[in-house]
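A.B. asks: Its first residue numbered 1, the sequence shown is counted upward by one per residue in our numbering.
Check each hint, because a few of them may be wrong.
Unchecked claim - Computed beta-carbon distance windows for the label pairs:
1) Arg98 with Asp67: 16 to 22 Å
2) Arg88 with Ala125: 33 to 39 Å
3) Glu120 with Arg52: 40 to 46 Å
4) Arg52 with Pro95: 20 to 26 Å
5) Asp67 with Ala100: 23 to 29 Å
6) Asp60 with Gly87: 26 to 32 Å
Think of the hints as simulated: they come from the structure by calculation, not from any bench. Here the structure is a predicted model, which means the values were calculated and not measured. Backbone N, C-alpha and C fix where the C-beta goes; we use that ideal spot for every residue, glycine too.
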Amino acid sequence: MGDPVAAGNGRSLPAGVGSDRVQLGQIAPGYDYDVLDEDEMGDRHGQVEPHRRMLTLRTDVYERILDHKGRDRFTGCHEVGHAVLHGRTLNRLAPGIRPARYCDPEWQANTFAGAILMPEHMVRAMRSVGEIADEFGVTRDAAEVRCRILGVTVHP
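Starting from the given sequences, assemble the full structure and let the hints guide the process.
C.D. replies: Structure representation (C-alpha cells):
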C-alpha cells in the first residue's frame, strides 16, 4: 500500500491554491486518499475509485503538488473534481464513445480543476496567458484552455 505518512485518514491534501491544506472529506464527503508508488500506479497519475470512496495519487505527482508544479496541481484538482462531481457514480466511457462534451466525465473534471485553480473573476482581470499561469501556478496550456472556456481574450 502507499506511504502511511502521506496517506489520508484525517491528514491533509495540498490545497489547489496557495499553501493552505484542506481535508479531502470537507470537499468530497466520505472520500479518503492514498499515495502509491509508480510500480503500483503505472502510467496513471491519479485515479478515483467511487465504490471505495478513494482518491489515489502517484507518489511523484503528490510530491510535485507539494512543490507547486502546475501540471500536477491540475491533476490533483482534476481527481478531486471526479470525487466531488461523480461521487459514487463515475461512468467510464468505452473507447471510441464521444458524448456531448459537457457529459464527458473527463471534461467535467478538467473544467472543475480549471475553476478551482483559476477563479473566473480573477482570470477576467488578467492581461496575458503568462500572467494567469504565473499568478495561479498552472501551465500555460491550462491557462489558455480556461480563457477559451470563459471566452476571455488575453495576450499570449
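A.B. asks: Taking the hints in turn, state whether each one holds.
C.D. replies: Each hint tested on the structure:
no. : hint                          : verdict
1   : Arg98 with Asp67: 16 to 22 Å  : 36 Å, violated
2   : Arg88 with Ala125: 33 to 39 Å : 38 Å, holds
3   : Glu120 with Arg52: 40 to 46 Å : 33 Å, violated
4   : Arg52 with Pro95: 20 to 26 Å  : 24 Å, holds
5   : Asp67 with Ala100: 23 to 29 Å : 37 Å, violated
6   : Asp60 with Gly87: 26 to 32 Å  : 28 Å, holds
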